[in-house]
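Asker: The chain contents come next:
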Amino acid sequence: ETGVTQSPTHLIKTRGQQVTLRCSSQSGHNTVSWYQQALGQGPQFIFQYYREEENGRGNFPPRFSGLQFPNYSSELNVNALELDDSALYLCASSSILRGGGETQYFGPGTRLLVL
Amino acid sequence: AQSVTQPDIHITVSEGASLELRCNYSYGATPYLFWYVQSPGQGLQLLLKYFSGDTLVQGIKGFEAEFKRSQSSFNLRKPSVHWSDAAEYFCAVEADNNDMRFGAGTRLTVKP
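Taken in sequence, the protein lines are chains A and B.
Residue numbers for the first sequence follow the numbering used here, beginning at 9 and rising by one.
Residue numbers for the second sequence follow the numbering used here, beginning at 408 and rising by one.
Same shape as in the complex, but just chain B (with noise of 0.2 Å):
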């Protein structure tokens, strides 16, 4: 069955400091995978996702994704974050049947 780990349930990073959160997905074909961030109170928002072609994906707020199907990961990355940048992140694989397969999220908080 199709479903994503992702391994830290509470990350810091202090402000303009590096960040990359890890996923890893179980998923048997090329799986579509996304990432979405959710702050306190409100629906999901799309940063980035990957269907096919350049593993090295582009996103918004300047996160990018790599996908490394050898490691089965799909792990989220910022060169520098803001303090605007403490949400939730989850990652997700869209499995079969149209089920959005999500992880259980990663909290981060940014310290300044």
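For reference, chain A alone in the conformation it holds in the complex (with noise of 0.2 Å):
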């Protein structure tokens, strides 16, 4: 059982440009969520999909979008790139099987840094 990648490791951009982040969840799971944490934080909920649909959304601008693809991977797009966008972005993939309160398993992150 492979646990849940993401890619790249690392990213530098400069303000106004656009990102796309990575993440292939675990295997078995249908569920994949985003999450934002800055430096100092705990993570902040970006969005969550769920059999390539979104499934909720937290205090993010629409520059925020994700897609989630047929074999359960997603990606992470940012638009219109600022700088209080740099933080470690971290991806969870999960198995929804009824109402609430799946765990979780969460990649080792992106570090975007925004210049």
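Okay, the calculated beta carbon distance ranges per label pair:
| no. | chain 1 | residue 1 | chain 2 | residue 2 | range |
| --- | --- | --- | --- | --- | --- |
| 1 | B | Gly448 | A | Glu60 | 25 to 33 Å |
| 2 | B | Gly448 | A | Asn67 | 24 to 32 Å |
| 3 | B | Gln452 | A | Phe68 | 22 to 30 Å |
| 4 | B | Thr437 | A | Gln49 | 25 to 33 Å |
| 5 | B | Ala511 | A | Asn85 | 23 to 31 Å |
| 6 | B | Arg429 | A | Gly24 | 40 to 48 Å |
| 7 | B | Gln452 | A | Ser15 | 14 to 22 Å |
| 8 | A | Ser103 | B | Gly460 | 16 to 24 Å |
| 9 | A | Thr22 | B | Gln478 | 46 to 54 Å |
| 10 | A | His18 | B | His417 | 24 to 32 Å |
| 11 | B | Leu463 | A | Leu19 | 39 to 47 Å |
Covered, in the sense of this in silico footprint (three residues per stretch, anywhere, with C-beta under 8 Å from a C-beta of chain B), are these stretches of chain A:
| no. | region |
| --- | --- |
| 12 | 42-53 |
| 13 | 63-69 |
| 14 | 111-118 |
It should be emphasised that the hints constitute simulated quantities derived from the structure, not laboratory data.
Small disclaimer: the values here were computed from a predicted structure and weren't measured.
All C-beta atoms in this analysis are idealised placements derived from N, C-alpha and C, irrespective of residue type, glycine included.
Two chains, two frames, some hints: make the complex.
Answerer: Given below as structure tokens:
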């Protein structure tokens, strides 16, 4: 059983650029959630994808968008990058079986620096 | 709105001493509660979770947590800390809309 993987591990962009981060979910999982973790803070929920549809969204602007593919891997896209977007971006996969509380398994994250 | 508060930003304990990390939550219904640990440069690893039933939950690495509805708390404990336990610890509550709300974290330092 493979764990959650993310790519790239590190990334440097400049303000106004666009970025795509990738996540491969754990085998057997059908749900992917994305989080932003600023330095010294806890992760903040961006959104979740279940069976290729958005299944919940946190308080992030529309320039944060995502995709989930038939193999349940996922992308996080951020347009018009701002300095405050500099953070560790975490992906977590899970398997929705009931009403909630499923364990989320986190990847190692992608560290994004916006200059 | 659902929220999680971890009152202690940084805690230092001696190796072999007991540990308690505090977590308070705000949520209208019975919450799903979690504790995660994050080592430097790493993702988050689940230590334990509470859904319902027995209010004392056992986790990995010798950790346990107790859910106290009357105090809206879910404190993490370990009877004897090891140097390898030094890390950042996050309490989280699963809110509506599949939104997992995390606290700001407590950084644990272990003195030899």
